[in-house]
Amino acid sequence: MIKARGLARRFSARGRTVDAVKGVDIDVSAGELVGFLGPNGAGKTTTLRMLTTLLRPTAGEAVVGGCDLLADPLGVRKRIGYVAQGGGTAPECRLGEEIELQGRLYGLTKAEAHRRGAALTEQLDLAGLDERLTKTLSGGQRRRLDIALGLVHDPKLVFFDEPTTGLDPQSRANLWEHIRGLRAEHGVTLFLTTHYLDEADSLCDRILVIDNGQIVAEGSPDSLKARVSGDGVEIGVPAESVTTAAEIVGRIEGAHEVSVLDGTVRFRVPRGDTAMPELLRALDSADVPMLSMQVHRPTLDDVFLTLTGRSLRDAEQTEEAGEVTADAA
Amino acid sequence: MLRDVWLIFRRDLLLSLRNPAWILIQIMQPLLYLVLFGPLMEKMVANTPGFPPGDVWQIFTPALIVMIALFGSSFVGFALLADYRNGVIERLRVTPVSRVALLLGKVLNNALQAVIQAILLITLAVVAFGLRAPFGGIVLGLVIVALLAVTMASASYALALTLKSEEAFPALLNAVLLPVLLLSGILLPITTGLAPAWLYNISRINPFTHVVEAERAGFRGEFTMDALFTGSVVLVALAALAVFWGTRTFRRENA
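Chains as they are written, first to last, in my numbering: chain S, -11 to 317; chain Z, 150 to 404.
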């Protein structure tokens, strides 16, 4: 459904150039649900806007939905659906009118657009809201309307840009169900961007991790997590015994990345659950009391940290400036 | 393409019909000039040599109609900026809709509004102030208004999309529109009899002066080549340029 090679975009503004996307290769097959994960400003939206014909790449090529992105953008537009990050509804328009207009712009007749609109509003829990002005809808309803607009022409490939940003937890969970349903019931291929780890983790078959305009890793959520070698363990000990504790930890089989901070010893070990009893006994015999302990399975945040040396949260803070520049350009 | 133009036109029309009061509020300025300034001119026009032929209402009404199109249609870019911020533009751009239709549909709605506003103003001038003008002249005047609205709206959209700034846009418009208003002789005609030579010469360079003069000629029933030619040519050229600029901006934005 998507095959992109060396897709790149450079923005120039006031003599400064920013390489927002530095040559990415993307392959998505029919029926897949692929996530594009990265901090804000990593180049997710820029890549998506290129794939959806909204932004012309400065280099590279792509085939989207069977049509060449550069030679036949109209063909691409007819075959894809796009749900933008900020939505795209006019506040003074009625819900029904928006869906009808969108359908007819895709070439449906008035009757077809109505039929399709009725099916979508039913499916997305928007039934009976046809006469409502979009500004009076709740955040979750408006988001579902955005989705209905993106699906009105029954595309086989749909792009979502940050589908759940700004929604409350309940609406998020609800939207995830709808997104899963799209694939399960209609066989739609989905490509979504997100900077939420849990979202990528729970929705996607496959994740592309993007940082600084480059794809730094790719794989299923589990295979990505397997890249982080083992579980993270954190134990708390009295400050004066912290060096002894670190030594003991170092003797455990497979323990690595041992670090010490105040009264805490952190390390990684292939199986945290089986390592703990051994550690407890060893500490006990050395007369070091353990005050607290935590074992956690690797998360996508750990993946990001391993790949880039920064956590997603840090990356977002340092890269926000870059996002602003890219937006303005 | 025509279908797309119609769909966009209909959407904008539905939106304007939702708040019909705006059609009146938008022409408050020319309306107030007609009611509160026009009567002051009555004696002045009658007693001062140098005014163009015709009575005060034949001079003043057609000029105010030009003002409707000139000002009302210049600020439509604001609505486009709102659509832009809401993501509506992007949402429409990702559909196969023709980029030119996105512009023309909007512009035609603006032209229709300007014509309706002009009819309201002319009606008021006829009923309240006894304006006398030939029917053909009024029809011609409305055609000019429609074309001028197309011009100003296209330029306004192009400018708004280029600047993409709710602060810079009105500032720039005001800086351009006030001199255009004064120099086109809308409030007081700039004739050789009234104006010093330098001011007269500057006003000749202003294309809108010729549009105002053609509109006035129509209202006093003077359908000669001499009176209408320059104004029509200037207006058609302006409209073509503005639509070209607008479509180019709408296309490029998408690239």
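Worth flagging that the hints you see were computed from the coordinates, not collected in a lab.
Computed from a prediction, not measured in an experiment: that's the story for all the values here.
Careful, some of the hints might be misleading.
Distance condition first, Cα-Cα at most 30 Å in a straight line; then the derived BS3-like pairs of lysine-lysine [unchecked claim]:
1) S/10 to Z/192
2) S/-9 to S/123
3) S/123 to Z/313
4) S/10 to S/-9
5) S/66 to S/-9
6) S/98 to S/66
7) S/66 to Z/192
8) S/123 to S/66
9) S/123 to S/10
Sample of chain Z residues lacking proximity to chain S, with all beta carbon distances greater than 12 Å (derived) [what the hints assert, rightly or not]:
10) 155
11) 164
12) 168
13) 180
14) 186
15) 190
16) 198
17) 228
18) 244
19) 287
20) 296
21) 324
22) 344
23) 355
24) 389
All residues carry an ideal CB built from backbone N, CA and C; glycine is no exception.
*Measure nothing beyond the straight line between the CA atoms of residue 123 of chain S and residue 313 of chain Z; if it is 30 Å or shorter, mark the hint as holding.*
Holds, at about 23 Å.
*Can we confirm that no CB of chain S comes within 12 Å of the CB of residue 389 of chain Z?*
holds, 26 Å
_residue 123 of chain S paired with residue 66 of chain S [C-alpha distance capped at 30 Å]_ = holds, 28 Å
*asked:* Over 12 Å from every CB of chain S: does residue 244 of chain Z meet that, or does the non-interface label fail?
replied: violated, 4 Å
_30 Å Cα cutoff - pair residue 10 of chain S, residue 192 of chain Z_ = Given pair residue 10 of chain S, residue 192 of chain Z is violated - Cα atoms ~73 Å apart, limit 30 Å.
_Pairwise hint evaluation, residue -9 of chain S against residue 10 of chain S, where the allowed Cα distance is 30 Å at most_ = Holds: residue 10 of chain S and residue -9 of chain S sit about 16 Å apart, inside 30 Å.
*Sort out whether residue 123 of chain S lies within 30 Å of residue -9 of chain S, counting only the CA atoms.*
Given that 30 Å is the threshold and the Cα spacing comes to 38 Å, the pair is violated.
_Given as non-interface: residue 287 of chain Z, which should sit over 12 Å from chain S by C-beta_ = It holds; residue 287 of chain Z is separated from chain S by about 33 Å at its closest Cβ, greater than 12 Å.
*For the pair we were handed, residue 98 of chain S and residue 66 of chain S, check the Cα-Cα distance against 30 Å.*
Between residue 98 of chain S and residue 66 of chain S the Cα gap is close to 18 Å, so the pair holds against 30 Å.
_A cut-off of 12 Å on Cβ-Cβ distance, and residue 228 of chain Z was said to be off the interface with chain S. Does that hold?_
violated, 10 Å
*Taking the shortest Cβ-to-Cβ distance between residue 164 of chain Z and chain S, state whether it exceeds 12 Å.*
violated, 6 Å
_residue 168 of chain Z and chain S, when compared Cβ to Cβ, separated by more than 12 Å_ = violated, 8 Å
In terms of the numbered hints stated before, the structure departs from hints 1, 2, 7, 9, 10, 11, 12, 17 and 18, listed from lowest to highest.
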